[in-house]
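Chains A and B supply the protein sequences, listed in that same order.
Per the working numbering, the first sequence runs over residues 1 to 118.
Per the working numbering, the second sequence runs over residues 1 to 114.
To be clear, the hints were calculated from the coordinates, so they are not data collected in a lab.
The structure presented is a predicted model; accordingly, all values stated were derived computationally and were not measured.
Just so you know, nobody snuck in bad clues.
No more than 20 Å apart at the CA atoms, straight line, and that leaves these computed lysine to aspartate or glutamate pairs for EDC-like: (1) B:K77 to B:E63; (2) A:K11 to B:E42; (3) B:K101 to A:D24; (4) A:K17 to A:E68.
So, partial list: chain B residues that the calculated Cβ filter (under 10 Å) puts toward chain A: (5) Q6; (6) F89; (7) A91; (8) K101; (9) G105.
Beta carbons are placed, not taken as given, at the ideal position from N, Cα and C, and that holds for glycine.
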Amino acid sequence: GAGVSQSPSNKVTEKGKDVELRCDPISGHTALYWYRQRLGQGLEFLIYFQGNSAPDKSGLPSDRFSAERTGESVSTLTIQRTQQEDSAVYLCASSPWTGGTFSNQPQHFGDGTRLSIL
Amino acid sequence: GDSVTQMEGPVTLSEEAFLTINCTYTATGYPSLFWYVQYPGEGLQLLLKATKADDKGSNKGFEATYRKETTSFHLEKGSVQVSDSAVYFCALVILIQGAQKLVFGQGTRLTINP
Numbered sequence: 001g002a003g004v005s006q007s008p009s010n011k012v013t014e015k016g017k018d019v020e021l022r023c024d025p026i027s028g029h030t031a032l033y034w035y036r037q038r039l040g041q042g043l044e045f046l047i048y049f050q051g052n053s054a055p056d057k058s059g060l061p062s063d064r065f066s067a068e069r070t071g072e073s074v075s076t077l078t079i080q081r082t083q084q085e086d087s088a089v090y091l092c093a094s095s096p097w098t099g100g101t102f103s104n105q106p107q108h109f110g111d112g113t114r115l116s117i118l
Numbered sequence: 001g002d003s004v005t006q007m008e009g010p011v012t013l014s015e016e017a018f019l020t021i022n023c024t025y026t027a028t029g030y031p032s033l034f035w036y037v038q039y040p041g042e043g044l045q046l047l048l049k050a051t052k053a054d055d056k057g058s059n060k061g062f063e064a065t066y067r068k069e070t071t072s073f074h075l076e077k078g079s080v081q082v083s084d085s086a087v088y089f090c091a092l093v094i095l096i097q098g099a100q101k102l103v104f105g106q107g108t109r110l111t112i113n114p
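Based on the sequences and whatever the hints tell you, model everything.
Structure below.
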């Protein structure tokens, strides 16, 4: 079946512009995650959504970052007034609801959006 | 807090060499542990996993054993191939509000020369 889909795959924009990144999770996956991967570094958790619960925004690096999710489907990550340090690959992942316990089903990742701020 | 520490890269080996990439973790309780791999130009893929102490995860010739006593999950392969060249990430999962939040190590870039 279809995996996690992210768009655009690449985005180049000028400093100060706003950008929107999109993620389509696997159908039926209630949990959705955004991560950031800077060049040569590991993945940095940004935000996650679980069903209709309030999102965990603890990883967002500043108030220029925000994310929304419509029900249990598409999510958009918005970065306002972009800065050069925002340049990174932004990865989205989804996973099934675990029912409150650990599951053997891992997160499934999209191919990411490579964001370059000039 | 929960964290993962990986062996620093880059690591360069010759084909058929033995590979070990060290990974240690700090966590409350006993998290599930994963190795993810990112091949050039591709997204993250799950390589293997272990969900409890002494479990051994294996896939594509790679193995890792969940060692509770040393809080480690080292990745090994007996004979690497050029196609194994990639970035490898060790990760643990913690449970927050019913969802699995992954905590990643910084990644280890592996290059295999023919």
